[in-house]
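Colleague: Sequence:
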Amino acid sequence: MENLLTVPLALMCTALPLWMGGRYGMVPLVSPMHLLGYFCAFGFLVKVAVYSVRPEYAFYSRYIDTPGAMLIGAIYLAGFILLMCLGYRCAVRPFDPAPAMREARIVADGLVRQGWLFAGAFVVAGFTFAVLLQARGLSIWSADLLSSFNQDKQINVQADGVGATLAGIKTFFVVPKFAFVLLLARGLVRRCAVLIAQALILAGLLVAIALISGDRFELVELLVFGSATYLILGGQVGLRALACMTAAAAAVLLLSAYMTTLRGTDAGIWRQIVSSTYFLDINAAVMVTDQVRPASYLLGESYGWWTFGWVPRAVWLDKPAIDLGVFLKRDVMQITTGGAFNVTGPGEAFMNFGWAGAFVGFVLGWVYRRCEVLLLSAQSCLRFGGFYLYPLLLYPFVQATLHSSFSGFIVGAAAQAVLIFAMIALVLPRYRVVPAARPTVTGDAYV
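Residue 108 in the working numbering sits at position 96 of the sequence shown, with consecutive numbering throughout.
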């Protein structure tokens, strides 16, 4: 009976965001609603469908045996998703995408110093990699280098399971990521094979960064970066584009499977997906609705942990974890080993406000739409290249608020934003808006 209710519920929660993304989204295939649909498909629909025939695959079943727990978690998760859709829809206003696309293409074509940009991406990535090696006490010639990076997600683990993830150092990897987007955008606008080749070389560098970071979602990011850049600049969703995206997605799955083997597990990538807390996860919803009691509600506290998260752990050795996933694993589930469970956005909201946390979904949906409009408007594209921030900052925000926790994203995003705006100042011309029906062009920039 439980499966008969949860599978249709998950199907509805997957189909509705995808439909809304197609109808109201400003970018085909990668609007916030599309992303919500994808995360819901892998974290909710696929998992409950598998659990209906293989219940032993459910991650929550290792710790919870309460009858009906999955149905209760599914009802809460569905309420959160539906309120996200409602919040997004309430923020929708009439919008003409044509001017924004035109300005985005002109800004992308104005890129300068692309040679320095290409070389600088490798220099910064190499320097960051060297610092990571030093921090972990590893040598580049170590035979098990990649295995060490993928198996040990944190170092200097304290007695309570909190350790350093070196997230501050990894922030500098945003430089080659942004360089990839910049060069790909100009290459697409100019249809320049050299620029596109440089972007593809940087894509290979980003794959290496994903292997070094030990984070399979870095590969998903790369896929979104390329797809969003192509679509924002007016790329058509034809058979050729779909074939390229499908091939890239297949490559992501293969590389993710390889990274799974580097972690020393015998389970394949498919088993890793369905037996984990990845994506917009039903397991996290089940665990929090079953285990979190009103007396332990955080009442919004976790949304403010970013205020001290910027302090390096090297300076503050006993700094508390800012990722709520550590709290979920250690304090709620009473598991004292290191690491964390992905708490997910709905899980964090429940741990703060109980069932009322579903209304956080409404706020998030509204914020998604307002940020989408802000970054993709013609004025934002013209003044500060806002469309570049869509894949680099808005997508990670959507991913974090669905898959992870809020404060952990804010700290990293603030540091990345500083680097991104510094790069914009160095490689993009200066623009300003004149009081006319449309900007006029003089030389290489708007005046």
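Derived by calculation from the structure, the hints in this document are not laboratory data. Predicted model only: the values in this text are computed from it and were never measured. Where is the CB? At the ideal position from N, CA and C, for every residue including glycine. Watch out, some of these pointers could steer you wrong.
Said to hold, decoys possible - Derived EDC-like pairs: lysine to aspartate or glutamate, alpha-carbon spacing no greater than 20 Å straight-line: (1) K331 - D343; (2) K182 - D227; (3) K331 - E313.
Said to hold, decoys possible - Estimated spans, in silico, between C-beta atoms of each pair: (4) P332 - C204: 45 to 51 Å; (5) D343 - L254: 32 to 38 Å; (6) A260 - L329: 38 to 44 Å; (7) P109 - A426: 54 to 60 Å; (8) L329 - C204: 36 to 42 Å; (9) W367 - P441: 47 to 53 Å; (10) A142 - L16: 38 to 44 Å; (11) Y75 - D121: 51 to 57 Å; (12) Q346 - P67: 19 to 25 Å; (13) V375 - A429: 20 to 26 Å; (14) R74 - A437: 46 to 52 Å; (15) V375 - V219: 45 to 51 Å.
Colleague: Using the Cβ atoms, figure out if A142 sits within 38 to 44 Å of L16.
Modeller: Given about 55 Å between the Cβ atoms, the range is violated.
Colleague: That 46 to 52 Å hint for R74 and A437 (C-beta), does it hold up?
Modeller: Because 50 Å falls inside the window, the suggested range holds.
Colleague: Between A260 and L329, does the C-beta distance stay in 38 to 44 Å?
Modeller: holds, 42 Å
Colleague: Looking only at beta-carbon atoms, does the pair V375, V219 fall within the given range of 45 to 51 Å?
Modeller: Distance hint for V375, V219 is violated at roughly 35 Å.
Colleague: Holds or violated: the 32 to 38 Å window for the beta-carbon distance between D343 and L254?
Modeller: Cβ of D343 to Cβ of L254: about 45 Å, so the range 32 to 38 Å is violated.
Colleague: I want to verify a distance hint. Is the separation of the beta carbons of P109 and A426 within 54 to 60 Å?
Modeller: violated, 29 Å
Colleague: Please check whether W367 and P441 have a Cβ separation lying inside 47 to 53 Å.
Modeller: holds, 51 Å
Colleague: Hey, K331 versus D343, does the alpha-carbon distance stay inside 20 Å?
Modeller: holds, 16 Å
Colleague: Go ahead and decide if the range 36 to 42 Å is satisfied by the Cβ distance of L329 to C204.
Modeller: violated, 50 Å
Colleague: Given the hint that K182 pairs with D227, does the C-alpha gap stay at or below 20 Å?
Modeller: holds, 11 Å
Colleague: For K331 and E313, compute the direct alpha-carbon distance and say whether it is at most 20 Å.
Modeller: holds, 16 Å
Colleague: CB of Y75 to CB of D121, is that within 51 to 57 Å?
Modeller: With Cβ atoms ~54 Å apart, the hint holds.
Hints 5, 7, 8, 10 and 15, counting from the list given before, are not met by this structure.
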